[in-house]
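Undergrad: Produce the entire structure from the sequences given, and follow the hints as far as they go.
2 protein chains.
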Amino acid sequence: MIAEIISIGDELLIGQVINTNASWMGELLNRNGINVKQIKAIADDKTAIFEAINASINSVDLILLTGGLGPTKDDITKHTLCEYFDTKLVFNDDAFARIKKIFRFRNFEVTDVNKAQAELPESCMPIINSNGTASGMWFEKNGKVLVSMPGVPFEMKPMMENEIIPLIKSKYKTPIILHKTIMTQGVGESFLAKKIEDWEDSLPSNIKLAYLPQPGIVRLRLSAIGDNSEKCEKYIAELVEKLKLLIGDIIFGYDDILLEEAVGQSLKLHQKTVATAESCTGGYIAHLFTSIAGSSDYYKGSSVTYANEIKEKMLDVSKYDIEKEGAVSETVVKQMALGALQKFGTDYAIATSGIAGPDGGTLEKPIGTTWIAIAGSDGIIAEKHHFGEHRGRNIRRASLTALFMLKKVVEGITSLQ
Amino acid sequence: MIAEIISIGDELLIGQVINTNASWMGELLNRNGINVKQIKAIADDKTAIFEAINASINSVDLILLTGGLGPTKDDITKHTLCEYFDTKLVFNDDAFARIKKIFRFRNFEVTDVNKAQAELPESCMPIINSNGTASGMWFEKNGKVLVSMPGVPFEMKPMMENEIIPLIKSKYKTPIILHKTIMTQGVGESFLAKKIEDWEDSLPSNIKLAYLPQPGIVRLRLSAIGDNSEKCEKYIAELVEKLKLLIGDIIFGYDDILLEEAVGQSLKLHQKTVATAESCTGGYIAHLFTSIAGSSDYYKGSSVTYANEIKEKMLDVSKYDIEKEGAVSETVVKQMALGALQKFGTDYAIATSGIAGPDGGTLEKPIGTTWIAIAGSDGIIAEKHHFGEHRGRNIRRASLTALFMLKKVVEGITSLQ
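Chains as they are written, first to last, in my numbering: chain D, 7 to 423; chain P, 7 to 423.
Because the hints were derived from the structure by calculation, they are not lab data.
Note that the structure is predicted; figures quoted are calculated from it, not measured.
Wrong hints could be hidden among the right ones.
Copies of the same chain are indistinguishable here, so a pair counts whether it falls within one copy or spans any two.
Here are the simulated DSBU-like pairs of lysine-lysine, each with C-alpha atoms no more than 35 Å apart in a straight line [said to hold, decoys possible]: (1) 237 <-> 330; (2) 107 <-> 94; (3) 121 <-> 214; (4) 106 <-> 240; (5) 52 <-> 177; (6) 147 <-> 325; (7) 84 <-> 43; (8) 175 <-> 414; (9) 214 <-> 250; (10) 330 <-> 214; (11) 107 <-> 390; (12) 214 <-> 52; (13) 214 <-> 107; (14) 43 <-> 214; (15) 414 <-> 278; (16) 201 <-> 106; (17) 278 <-> 390; (18) 107 <-> 250.
TA: In C-alpha cells form, the structure reads like this:
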C-alpha cells in the first residue's frame, strides 16, 4: 500500500512550525508496512488543497491530510473536501455529543463555531477525535482512500494509532513487518554504530536496522519483513540477544518505553522510593518522574536548589565545601544527595550539580561538566560527566544519565559502595 | 516570486529525520519576500525526482532542491538533473580546487569518488559550497530557475544565505512581507476567535491572520504584504494596538518569546526573585524557569512536594488542614506558597496543587482541578482552575497559568491583596 502525507498550513511554508507531524506519521506508517511515497506541505487554501490531491490521487492508494480543521476562519479543509467529493455538510449528532462532552468537562459553553464542527460531509465516515472538537473524516472513492485529520499533534496522534491504522489494517492487506525497538542511553549514534558494526554487517537481507536518535537517547529499530510472523519474531529475538552481549550496559528497555517509566517500574518492583536534589537539572528530573501517572507511589519530591545558599539551607550542604570545592564538585553533589535522602526519608536520592551553560564555564570546569550522585542506605556513588555546550541538551542528558544510574542501582547492577 | 522546496531523501519519508531544512529555508525565503507555495519530501530515486520537478515546474518560478549530492552510491540528484536538462557532465577546475583545499585542510587524500564531485552539468552555473565537497547547481530554462544543493544543513545554509538569496534578489523583484506574532496564554483558539471576531473581519486584504495553537498557548500571526516596508509596519502596529484593547490581558509577549522568558525579563527588570512550591506541576515550573540561561539571577529554587508528608516537612503546611481540606485546596496551596516564600527568602513564591490525572479525581474535585497561589510581601492570591483530562497537558497548562499570574503580579497588573 502506497501513501502520501499532505500537511496543510501556511505556518509550515514560512518555517514558523517544523513539520514534525509528517515525520511521526511517516514512522508509524512505515512501521505498519505502508510505504510513504511523498510528503507535501501546502498552504491553507482551497486551490492548493485541490491541486495537491489531484496531483497525487492517481499514484497512491491512500492520502493522509492533516490540518485546517480548527473552528476558526483560517481553517478550510472541510469545505474544500465537501466540494472535492461532491457532497454536502450534514449535522452529526455523535460528533456534537463529543463536542458537548469536552466543553462540559471544561466548564465552558459550546459556541456556534464549535457547534459548526459537528457538521460533517455526508459521504465521509467520521473518525473519533478523543482529544478535541474536530472529527476526522475518512473518504473512499474509486478504490482510493483519503483521510483528513486535525493538525494538532495530540489530537492527530491518537487518531492515527487508535482509529486509522486499525481501519487500514482491517481493510487492506499489508505485509508482515515486525519491529523491535531497543532503547539505549549514554552513547551517541556514531559511536554506537562503531560498536555494533560487525553485528550490523551480519544482518540478513529481510532485516532492516534504523538508528533513531533523540537528545540523549538512541533508539535502534529492527524490522523483519516476511510472510511468517513466528519466523520474524524468532529472527529478531536472536539478533537482540546478540546485541545485548555487545551493548547490554546501555540498553534500558524496549519498544519505546520512556526511561522515566522504566526507572519507575524498577522502583515499584523493588518497592523503593526516591527523591531528588537538583541544581543544574533545575527540576527536570522531578518533571520526568512526575510526568508518569502513578509516580507518587515511589517519587516523593525534589529540592531544586538552584542558588548556593539554598543548597545550604534546604539540604545542609556545607558552606565551607561550596566555597572550597565549588558547587560543581564531588563533595557538594554527594552532600546534596545525602541531604535529600535524610530530608525526604526515601530509600534513594539523586543529586545533580553541573554547568548547563551558556555561561559559567571555566578552563577547569567547562560548560557541560556535571556531577551526579546516587545515595541510598548502602552508601553513595558519584560520577563526573562532560556533556555538550547546549543548555537544553545538557539538562536533558544529565537527567537521563541520572535516571539510568538509579535504575542500575535499584536493580543491583551497580553497587553503592 | 513563487518557490517550491523539494527535499530529497528516504530518511525523511520514514520519519528517521525531521525536515528542519525545509522549515529553515521557508523562513528565509518568506523573510525575503519569496512566497513558498509547497514543500515536498521525496525518495532518493530518479523517477521520484523527475516526477516532482515535472509536477511543479509550470506553477512556480523557482525550485530549490536539497539532498542527494553526496559522494556515496545512494546519491543520485546530479545525474538526474543532467538528464532532465539534457546536458552532460564536465570537469570543473574551480570546483576541484575547492575540493582539494577541503581535503588538505582535513589532512585527507582526495579519493576518486570525491574527484567525481568536481564533474558538474555543463549547462548549470556552479554555486560555491564553502563547507563541503558538493557544489550547488543553478539551472535556468524557459524563465524558470532550479537550484540544487546538498542536504547537509551546515553546507546548505551558508549557500542559501550567501549565494542563492543574493542571486535571486539581483535577478528578480521581490515584494515586502512583514510578520508580527502576538503570544497569548489562557484562552483556547475558539474562544479567542470569538473575542476578536470583529477585529478579524475588519482586516484589510493585504493582511493575513493565522492562529497557531500550542498546548496552553495560542500564537496569533499577522502578515502584511506590500511594496513599502514603513507602511506595512504602520499597518501592523495599528492592528496590534486595537487587538491589545480587546485581549491585552492574555497577551504575554510578541514574536515567539517563551512565557518563561517573558516572566524572567519582568523579574529581572523589577529586580525581584522567586521560588516555587510544586505539587501537581511536579517540578515543571522549575524546569521552565531554569531552561532560560541566566535564570539564576531571579530564580532560587523549588520544593517539589509530591507527597503530603513532604508538604508538611519542607513547607510547614499544616497536617490538620491537609486532612480537613485536602491537599488540593485554597488553604493548602496558600500555605505552600507562604512556606516557600519563607524558606527560600525570595520576593515571590508560586505554589501549585491539583489533580493531574489520570487517577485521583472525585465528583467534587475532578481531574484537572488545580489551585495556584502567588505569595509576596504584599499578600497572597489564589486561583482555582479546571484544566482537562490529560496529565501532561494539565501539568503544562497549570505551569503556564502560574507563570502568567506571576508576571502580572510582578508588573503590578494584579495586586496581591
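Undergrad: Each hint: holds or not?
TA: Quick rundown of the hints versus the structure:
no.	hint	result
1	237 <-> 330	neither (62 Å within a copy, 60 Å between copies)
2	107 <-> 94	within (25 Å within a copy, 64 Å between copies)
3	121 <-> 214	between (47 Å within a copy, 25 Å between copies)
4	106 <-> 240	neither (49 Å within a copy, 42 Å between copies)
5	52 <-> 177	both (30 Å within a copy, 31 Å between copies)
6	147 <-> 325	neither (74 Å within a copy, 65 Å between copies)
7	84 <-> 43	both (24 Å within a copy, 21 Å between copies)
8	175 <-> 414	neither (39 Å within a copy, 52 Å between copies)
9	214 <-> 250	within (18 Å within a copy, 55 Å between copies)
10	330 <-> 214	neither (54 Å within a copy, 59 Å between copies)
11	107 <-> 390	between (51 Å within a copy, 21 Å between copies)
12	214 <-> 52	between (38 Å within a copy, 16 Å between copies)
13	214 <-> 107	between (44 Å within a copy, 33 Å between copies)
14	43 <-> 214	both (16 Å within a copy, 32 Å between copies)
15	414 <-> 278	within (13 Å within a copy, 41 Å between copies)
16	201 <-> 106	between (55 Å within a copy, 20 Å between copies)
17	278 <-> 390	both (25 Å within a copy, 34 Å between copies)
18	107 <-> 250	between (48 Å within a copy, 32 Å between copies)
In summary, the structure is inconsistent with hints 1, 4, 6, 8 and 10 from the numbered list given earlier, while agreeing with the others.
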